[in-house]
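Visitor: Spelled out, the chains give:
There are 4 protein chains.
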Amino acid sequence: MTLRVGVIGVGVMGADHARNLDRRVGGAAVTVVADHDAERAAAVAGEMRSARAVDDARAVVAADDVDAVLVASHDSTHRDFVLAALDAGKPVLCEKPLAPTAAECRRVVDAEGDRGLVSVGFMRRFDPSYTDLRRLVTSGELGAPLTAHCISRTVQSGPGDSAATITNSAIHELDVLPWLLDSPITEVTWFAGRSSRHSPDRRDPQILVLRTASDVLVTVEVFLNARYGYDTRCEVVGETGSAALTLPARVVVDSDRRRGVEYPPDWIPRYADAYRLQLQAWVDAVAGGGPSSLATAHDGLRAALVADAAVESMTTGRTVAVQYESGEGGQPVR
Amino acid sequence: MTLRVGVIGVGVMGADHARNLDRRVGGAAVTVVADHDAERAAAVAGEMRSARAVDDARAVVAADDVDAVLVASHDSTHRDFVLAALDAGKPVLCEKPLAPTAAECRRVVDAEGDRGLVSVGFMRRFDPSYTDLRRLVTSGELGAPLTAHCISRTVQSGPGDSAATITNSAIHELDVLPWLLDSPITEVTWFAGRSSRHSPDRRDPQILVLRTASDVLVTVEVFLNARYGYDTRCEVVGETGSAALTLPARVVVDSDRRRGVEYPPDWIPRYADAYRLQLQAWVDAVAGGGPSSLATAHDGLRAALVADAAVESMTTGRTVAVQYESGEGGQPVR
Amino acid sequence: MTLRVGVIGVGVMGADHARNLDRRVGGAAVTVVADHDAERAAAVAGEMRSARAVDDARAVVAADDVDAVLVASHDSTHRDFVLAALDAGKPVLCEKPLAPTAAECRRVVDAEGDRGLVSVGFMRRFDPSYTDLRRLVTSGELGAPLTAHCISRTVQSGPGDSAATITNSAIHELDVLPWLLDSPITEVTWFAGRSSRHSPDRRDPQILVLRTASDVLVTVEVFLNARYGYDTRCEVVGETGSAALTLPARVVVDSDRRRGVEYPPDWIPRYADAYRLQLQAWVDAVAGGGPSSLATAHDGLRAALVADAAVESMTTGRTVAVQYESGEGGQPVR
Amino acid sequence: MTLRVGVIGVGVMGADHARNLDRRVGGAAVTVVADHDAERAAAVAGEMRSARAVDDARAVVAADDVDAVLVASHDSTHRDFVLAALDAGKPVLCEKPLAPTAAECRRVVDAEGDRGLVSVGFMRRFDPSYTDLRRLVTSGELGAPLTAHCISRTVQSGPGDSAATITNSAIHELDVLPWLLDSPITEVTWFAGRSSRHSPDRRDPQILVLRTASDVLVTVEVFLNARYGYDTRCEVVGETGSAALTLPARVVVDSDRRRGVEYPPDWIPRYADAYRLQLQAWVDAVAGGGPSSLATAHDGLRAALVADAAVESMTTGRTVAVQYESGEGGQPVR
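Quick note, the sequences are listed as chains A, B, C and D, same order.
Counting from 1 along the first sequence, just add 70 to a position and that's the residue number in my numbering.
Counting from 1 along the second sequence, just add 70 to a position and that's the residue number in my numbering.
Counting from 1 along the third sequence, just add 70 to a position and that's the residue number in my numbering.
Counting from 1 along the fourth sequence, just add 70 to a position and that's the residue number in my numbering.
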């Protein structure tokens with residue numbers, strides 16, 4: 071009656087997932103842990119209620135006491151571990167991205183077929199702000215959506231070039247927007263102006279103008295060295311009204327001539343609920359044998375294709391159409 | 071490794087607790103369920119991953135596969151079931167109030183001794199807004215607290231007289247304020263003016279002016295027929311700054327000439343996180359064998375004593391000192 | 071066609087009034103200026119479009135080219151200059167308070183009779199936030215008002231004892247509440263707890279619980295050494311809804327991990343619009359020969375009587391009824 | 071000592087200006103009024119403290135008792151009346167636009183030479199929110215500006231095609247952005263997606279991506295049939311922080327399960343302060359003989375040139391560079 075999960079990769083993100091699965095989610099337990107750093111694997115296993123560490127990621131997939139697999143290892147390894155889980159016929163939740171390129175994502179989609187085994191960790195779909203916003207958009211209360219504005223700011227960037235801004239950061243918007251607007255993105259125009267002197271190696275901020283199949287125009291600002299705080303904004307404008315995420319602050323403080331609320335320093339506190347709720351939904355779905363509301367391999371592929379188009383627009387300075395193969399764009403957005 | 075919980079009473083509140091325990095909290099499972107309505111007990115047991123319904127609440131306490139007991143039955147039965155759990159030496163979480171009168175609360179406190187087995191469901195202590203506020207107050211960032219203002223409004227009252235406003239509703243403020251300000255309430259003055267025409271049978275709104283042992287003055291408005299929404303506010307004013315709970319809305323909507331956020335209709339969505347986090351903290355503490363951060367039987371007694379003083383002020387029109395017996399007021403506030 | 075105004079007293083407040091009258095209000099000009107500091111009078115006169123300084127305040131009242139008088143001299147002189155204007159039959163706008171004691175206010179009321187010549191500078195009645203709030207309360211949209219909560223905080227106090235908190239600061243609430251709620255205050259209970267260590271010579275903060283003739287209960291916190299900013303709050307709670315002043319900030323800033331708006335440092339920027347609009351309303355009314363919407367001498371007396379009751383409650387520790395003489399409480403609130 | 075103003079055109083906007091000049095601004099009076107509708111001219115003249123109506127707009131310019139001229143007649147007549155005022159050597163404040171085309175604006179600029187007689191009514195420069203925002207941007211507190219986001223929504227559009235959205239509505243952003251960012255706009259890309267079914271005759275909403283000479287990228291959404299309210303937003307994002315206009319609401323209301331503030335129905339209440347302050351600044355500058363802070367003829371021309379580029383981008387689907395003639399772009403932004 072308890073879903074036994076094997077975790078591959080227990081860096082910051084993977085260890086957080088393991089703790090959530092074992093102790094903050096109902097109906098699951100972590101039984102096996104692997105990491106390329108064996109010491110780290112042992113330490114995290116030791117934190118669990120009853121888990122063991124193994125040397126080899128593939129041993130996690132194969133283990134008899136593993137019903138389902140969570141992959142949170144290095145991005146470059148995602149594809150192979152997901153394919154291994156598919157070989158073993160076990161449900162697998164893979165941290166985003168599903169794979170670094172659209173071509174590799176396609177390979178996973180093909181290997182999965184219609185088995186519905188793969189989920190991708192686009193956790194914003196479980197953030198209570200986003201789910202409230204989507205419920206409102208879907209309810210029709212705002213009228214048909216016409217335009218949207220997204221902003222994604224972080225305090226400072228890690229290493230990476232201008233393309234990495236798209237493939238690592240904007241990728242969240244590229245997944246969440248089709249889900250929110252119920253329509254795939256078909257066209258991207260990339261812009262950048264003056265960059266922050268705090269950005270050592272990439273254009274920052276960048277602005278994307280996206281168009282969906284339903285002809286909704288969306289502006290997206292991604293600014294990784296915004297300094298002031300971790301800030302996700304999203305407004306959807308409909309024919310009769312508009313709705314936007316709030317800054318989810320719980321306390322307002324009056325001090326030093328200001329009234330204000332605090333920004334989170336990074337994505338971990340901002341999306342703590344989303345990560346927990348995503349895991350719970352995954353556990354519930356896998357244990358119940360039904361479909362989950364997590365992003366699918368198709369969704370992972372779709373986001374990768376839009377990212378490719380954005381990077382091409384960056385290179386060519388032109389508006390670029392997203393290159394869906396037959397049926398890919400038209401897959402219902404989950 | 072999994073804490074097995076027996077649940078006594080599965081009305082709205084108890085069923086919600088049972089579902090949370092079994093499916094939204096890590097490390098616990100509901101194994102036995104009782105309710106005076108046997109059908110309801112069976113239905114809730116059937117929702118659990120693996121639980122049985124029993125006829126008799128005392129059978130829950132006695133069951134071998136019950137490590138800990140949750141009491142959510144009618145207020146008038148709380149005391150007896152808690153005493154039964156104490157007899158069995160099992161940890162018990164009792165929905166508030168611990169008992170309808172301070173005298174009965176005292177009996178529980180005496181029966182418990184120093185065993186630390188009883189927790190009381192004053193869930194606001196686990197609401198993320200309140201915990202953030204308390205962290206801020208405790209940090210000293212606002213300077214020493216000098217005054218506070220609380221507002222507790224609900225859409226409409228159920229049956230009850232003016233005293234019930236204190237003992238059922240304001241009781242949450244009477245518990246949370248000492249916890250927030252780290253000092254027991256020592257004095258109460260009660261006020262009421264014009265009552266809402268929507269209040270059939272009690273003075274509504276009511277205002278309390280409280281004083282803590284540390285000489286912080288607090289105003290509390292309790293208004294049960296406020297109509298517009300379920301609204302909990304609390305501001306703590308210190309020597310250098312002030313901090314207040316926000317309305318925890320996730321989406322802001324522009325429509326019909328207004329920009330606004332939605333109020334919850336009642337306490338269930340408003341305190342959903344608090345209830346879940348309270349249960350998780352209880353499970354973690356009981357399973358770990360350590361002290362929990364939940365309200366204790368002493369806390370339950372203390373709130374009841376302040377409520378008694380408020381009702382006396384209502385009757386006499388005077389400021390009333392809270393009648394702590396030796397040591398009761400001075401117990402450290404948990 | 072232009073109202074010629076003589077200004078008595080051009081300290082910070084009076085000079086501000088003179089500049090507004092001469093340069094930011096339509097249909098008026100300052101023609102004569104007096105101050106006990108002759109140099110200051112000359113300097114302010116020199117700033118006007120065409121004004122002269124005179125030695126003697128009474129010469130302002132007497133001057134042929136003075137149609138109306140503005141009194142902004144020391145509080146202790148208000149009464150005499152207002153009486154002088156009444157003797158001359160000239161309209162006079164007197165900064166608050168009309169006089170330091172209720173007895174002196176009564177003398178002005180008697181001297182004025184039904185001539186409608188005296189206005190008192192309770193400028194909050196012209197603050198756009200307050201007028202919007204009053205319009206809403208009056209519209210009935212919130213249902214009948216049941217309770218209200220006011221907060222008046224300043225950065226730091228000047229010299230003065232606990233009673234001065236009432237007579238100089240809380241006096242604004244004591245005037246604006248009857249205007250807002252359309253009912254005189256009949257009863258006051260005073261409270262104080264722990265005082266700020268930043269308050270050298272008075273109880274600070276203080277809390278008043280007021281009751282109006284219409285049985286609306288109001289809590290008022292006055293905190294003069296609040297440090298963090300100048301902050302006026304007021305919420306009126308009705309049978310179906312509630313409305314409150316906003317913090318009138320025009321720009322929201324994201325910086326240093328916070329999203330926030332700025333507090334004004336003192337009353338001057340906070341009430342700049344109110345002062346200008348009050349003067350414009352006075353000029354319009356005097357020039358037009360009709361009644362103004364400014365506070366009257368009766369209003370000044372009424373606020374003084376409530377302040378007396380608050381100070382008595384401070385002394386006696388009891389709830390004190392306001393001592394209106396025949397008809398005073400019942401005067402329609404303007 | 072009083073500036074005597076002649077007003078040409080007293081429709082809604084012109085009559086509002088006349089009333090402000092005569093009764094809500096210091097140091098001015100309206101003496102002569104003209105309108106193609108003689109009855110309307112007479113009515114508005116009758117409202118003034120002392121003014122006469124004349125038949126012919128040119129008689130306003132010529133009148134001996136007119137020191138300065140305000141032009142608020144039909145857009146198509148602006149240029150000629152401004153040129154007439156220039157011929158007479160009288161200061162003139164012209165409602166926006168200075169003229170319908172950039173070519174006509176250029177003629178005014180040439181006729182004015184360096185006399186500094188022409189002001190253009192881009193009133194947002196006097197809106198207290200915008201001036202606060204500009205002060206902050208200029209202060210360097212946010213670091214160098216990198217990007218900005220503007221939104222301009224109205225309840226419903228009047229007649230007009232897609233180009234009119236730019237030349238009549240977006241024109242305010244096209245003026246205010248160079249003023250705010252202290253750099254002219256050099257490049258425009260126009261976008262539109264799905265239009266509102268409430269828009270009978272134009273693409274609505276439209277989105278512009280602008281680039282300034284200083285390489286700041288700006289997104290502008292203009293949505294004329296937004297239905298929900300009149301809403302101007304503007305955020306400037308700098309290297310260390312961000313700042314944005316607030317919705318200037320004075321009262322927050324709790325009712326019907328919502329907490330909200332009201333939107334203005336149109337620009338008149340939203341910009342009432344801006345119009346008054348602009349007139350006061352104009353009167354002060356003209357009376358004082360010094361330069362004003364109002365938009366100049368150069369500013370009017372500059373905005374028209376950017377609008378031309380936006381319309382060209384709409385037609386061609388390409389990014390379009392603004393066609394400044396020698397020196398025009400480089401003129402310091404006022």
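If you are wondering where the hints come from, they were derived from the structure by calculation, not from laboratory data.
Mixed in with the good hints, there may be bad ones.
Intra- or inter-copy, both count: the list cannot distinguish identical chains.
To be verified - Heads up, simulated SDA-like pairs for lysine to any residue below, C-alpha to C-alpha not over 25 Å straight-line:
no.: 1; residue 1: K166; residue 2: R177
no.: 2; residue 1: K160; residue 2: R204
no.: 3; residue 1: K160; residue 2: Y300
no.: 4; residue 1: K160; residue 2: V331
no.: 5; residue 1: K166; residue 2: D125
no.: 6; residue 1: K166; residue 2: T310
no.: 7; residue 1: K160; residue 2: T201
Visitor: Does each hint hold? Answer for all of them.
Guide: Comparing the hints with the structure gives:
When the C-alpha separation of K166 and R177 is checked against a cutoff of 25 Å, the pair qualifies only within one copy, where the shortest distance is 16 Å, while the shortest distance between copies is 56 Å. Within a single copy, K160 and R204 get their C-alpha atoms no closer than 30 Å, and across copies no closer than 45 Å, so neither meets the 25 Å cut-off. Taking CA atoms no more than 25 Å apart as the test, K160 paired with Y300 passes in neither setting, with 36 Å inside one copy and 45 Å between copies. For the identical chains of this complex, K160 and V331 are neighbours neither inside a copy (44 Å) nor across copies (43 Å), given an alpha-carbon limit of 25 Å.
For the homomeric pair K166 and D125, the shortest alpha-carbon distance inside one copy (23 Å) is at most 25 Å, but the shortest distance between copies (49 Å) is not. Proximity of K166 and T310 under a CA criterion of 25 Å is satisfied in neither setting, with 35 Å inside one chain copy and 29 Å between copies. Proximity of K160 to T201 under the C-alpha cut-off of 25 Å is found in neither arrangement, the shortest distances being 28 Å within a copy and 40 Å between copies.
In this structure, the hints that do not hold are numbers 2, 3, 4, 6 and 7, in rising order.
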